[in-house]
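Fit chain B to the known structure of chain A by using the hints.
First to last, the protein sequences are chains A and B.
Residue numbers for the first sequence follow my numbering, beginning at 1 and rising by one.
Residue numbers for the second sequence follow my numbering, beginning at 1001 and rising by one.
Keep in mind that the hints were calculated from the coordinates and are not lab data.
A quick note: this is a predicted structure, and the numbers were derived from the prediction, not measured.
Errors might be hidden in some of the hints.
To be verified - When the alpha-carbon atoms are kept at most 20 Å apart in a straight line, the in silico EDC-like pairs for lysine to aspartate or glutamate are as follows: (1) LYS1325(B) - GLU343(A); (2) LYS327(A) - GLU1041(B); (3) LYS1183(B) - GLU1193(B); (4) LYS1189(B) - GLU1154(B); (5) LYS1048(B) - GLU343(A).
Claimed, not checked - Taking beta-carbon pairs under 7 Å as the criterion, some of the chain A residues facing chain B (in silico): (6) ASP46; (7) PRO47; (8) PHE63; (9) ARG129; (10) SER130; (11) SER179; (12) ASN329; (13) SER503; (14) ASN505; (15) VAL518; (16) PRO539.
Don't be surprised by glycine CBs; every beta carbon is placed ideally from N, CA and C.
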Amino acid sequence: MQAMQAWVAHRIGFWPIITLLVFLTLIALLLMPVVNIIGMSLSSKDPNSSVIANYVEFFSRRFYYQTLINSVQVSVAATFFAVLFGVPAAYFATRYEIFGRSFVRAAVVLTFVSPPFIGSYSWVVLFGRSGIVTQTLADIGINLPSIYGAPGIVLVFTLQFFPFVFLMVSSGLKSIDQSVEDAARNLGSSELRTFFTVLLPLLIPSISAGALLVFVAAFTDIGTPIIIGERFRVLPVLVFGEFVNEFGGRPILASTLAVLLLTVTTSALLLQRWYAARHAYGTSAIRPLLVMEQTPLKRILASVYVLLLVGLALLPVINIVISSFLKANGPLLIAEFTMENYERVWRTIGTPLSNTLYYTTVATAMCAVVGTAVGYIIVRRPGRLGGWLDGVVMFSYAVPGIVLAVGLVVTYNEPPLILTGTSAILILAFFIRRLPFSVRSSVSMLQQLSRDTEDASINLGAGPGRTFLRITVPLLSMAILSGVLLTWSNTIRELSATLILQSGNTVTLSIEIFNEVVNGNFGIASALGTVLILLTFLPLVILFAFLGKKEEALV
Amino acid sequence: MSMKSLRVLAMAGALSAVALAGAWAQDYEKQLVVYASHPSEMVDHFTKEFSEKYGVRVTTIKAGTGELLNRIRAERGRPAADVMWGGFSDTGSSSPDLFEQYRSPGLANVEAKMIDPAGYNTPFGASTMVIMYNKRLVAADKAPKTWADLAKPEWKGKVVHTDPSKSSSSLAALTTWLQIYGKGDAAWKLTEEMTRNQSIVIRSSLVFQQVGRGEYPVGITYEEGAFSYVLAGTAGIVYPADGTLLQPEGMFIVKGGPSPKAARLFADYLLTVDAQTQLAEKFPGRRPTVKNIKTHPEMLPPEKFKIIDYDEAWAAQNRKEILDKMQQIIIRTQG
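This is chain A alone, in the form it adopts within the complex (with noise of 0.2 Å):
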């Protein structure tokens, strides 16, 4: 057996087989799916139809296509009011010396480990027809407009993800050299005016990637449609909708409007790619964009402003914690304090929590194996397979959580590999849903590491693969380390896919906090919400306090 494997390892070499396996593994997991998806979606159970009568079916009925056409409004106008918002944030959280600046540092982290869904509903619990805040302010004799339909999804949106672009821009700044400024400035330029002119032109990259993750998580976001969408029916709720079908759902159709998601977020991709390429500029900074002298008045304002939209971000995860630990009157809270939550989440969080260990853990450290190997091959061997690597990997980020999902269904639900229900295909997901991710962070970690190591080893006799892994996996443990704290943080989140492939005994905290908030136990919600947020912060503090990572490694 091992002189067979050395015979292979000789004859072929270490890399080949190993991108050989991550191909495999990349067409089982991602393109099959993807394909059976699109294969499904040209078929029918009427033979004589043509092949694209699904979607003939879905442009011509109202009550399917205004779906799309109401999920692109709603995600292009919170990927609009996102960037309006979070660039001014991020340039004045950057640029000036306002006050609580570690402050919105850590809020900003403390959104985005919002667990999602439940986020969504302390909106209806805050500002719903009874909502806290709307009776407050009714009985003083404010009317707030309804969160309901379209305009609520917009804002709970924009409040959601306009960290993405508040991260994307503070870190784009960072890569400007302050003498570019200075420039502009020292010829009589003003702020406003150098900011639109020098500093903007240089920010498109960086924003439009923080508003294509906008877009992206917009488009695809199932949670806060079903809360507060009513009428307004957006097209993710759709596909969803057919996998909580009493009475079997319609896989042929979930599968088309899966593919008009899948389309609609891989144009999405491609254009920001076209569109940041045309205005991609080499700034490095040897010297980074300084923090400011302002005057008191302006520092204020900064201050206010940056405060005031963290602040109203932070305002649902500051319910889940607050209403954790209020009693309930049946499924009421009252404003009253207990441990009761926390009791009963104790006795049954078990099986739940046990899982989502289970299931994080693994795939991040499949994701940290696989993500290394590939950004290597990426990095270090570049050649066609290394070109076609790097393009799944790219596909992949436009591949959502639900599409995936609803993929991963119609491939393996049917011999001879049965996954559907089984821990593996959630473990799988999970990893191929957070593998972009570990290949880009292994990508840049490897890019800024110089060869001559590997190069001494190959020649001093050691073969390709005992190089990787004896002196590039050491040099780039710390790298690694910080890649897999990350990944773990963002997928023990999962909800969207998840709620896809989970059945009954591969429960997840998500999928409890899903049941108990939809059954109206929003106290247990809240505490099973906050044992997940503590989860997810845990390694965010480790991360960035001993680590010395910077906030915007989250995006």
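Same frame as chain A, now just chain B:
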């Protein structure tokens, strides 16, 4: 002590004797696998009680009815489950290849109407569909009185209901309307008018909690969902004057399961006075099926509201057609 309570006592004695005799006479397996689609609190409570009482280790797998049925079907060759706790009362008789008939001795004390003529179901509880309204948003005398009232223009946009293809209870409501109004075009026309007024959600539990919290004035939901908000003081229940259904809930024994004796013991246990009393007391809003067990004082006893003679066979036979038609109505009215 009144005659009535004496009777109950005597019956309780007789019932526990039956149950104990069952437990003593035959030795039963020490483990049991329950597939359950009922709310987890209730499932956990009774499986725990059962487990402590009889020393049986109970494993529960919780998921939706449809998913559990698919699993049982897939596992037909080597069944993993002993009990399917959930589904319609006719789920067993409509899949004789998956389930086994079982007539528990406890059935002797169960209301006759609740008993499955085909002998598959163990009717441990009954549920009914009601109109629920939020007390702050709707005055009790202004609340709709009948299902048909919900078609009136004044309720436009104010009624929340679940898509019947996503929820068996809301399908039961739909088939109830169809049966009350003659199963024909007139009934469908009324349904369409009602649907036009509705906001359709995809999870049945969203209905009672949105009405209970005051996000919607009126909702169509199952009684026990609404009842927790009645107790919390925010909602009221209307038992529609044009009638509603009162149907037993499902509990079936899986054919060829690994622990058949323990499964039967579990069925017997659910029909004991002890379990039925706990059902009524700890899960207010649920209706026990054994005679003379008091429902919660704030729940209307069954003789006080109009119960239709629900045609289960018709509903089962036409399920697909009804769902298809309803889908078209939703597409037309909610677009």
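A quick look at each hint next to the structure:
| no. | hint | verdict |
| --- | --- | --- |
| 1 | LYS1325(B) - GLU343(A) | violated, 46 Å |
| 2 | LYS327(A) - GLU1041(B) | holds, 18 Å |
| 3 | LYS1183(B) - GLU1193(B) | holds, 15 Å |
| 4 | LYS1189(B) - GLU1154(B) | holds, 18 Å |
| 5 | LYS1048(B) - GLU343(A) | holds, 17 Å |
| 6 | ASP46 | violated, 15 Å |
| 7 | PRO47 | violated, 20 Å |
| 8 | PHE63 | holds, 4 Å |
| 9 | ARG129 | holds, 5 Å |
| 10 | SER130 | holds, 3 Å |
| 11 | SER179 | violated, 56 Å |
| 12 | ASN329 | holds, 5 Å |
| 13 | SER503 | holds, 5 Å |
| 14 | ASN505 | holds, 5 Å |
| 15 | VAL518 | holds, 5 Å |
| 16 | PRO539 | violated, 30 Å |
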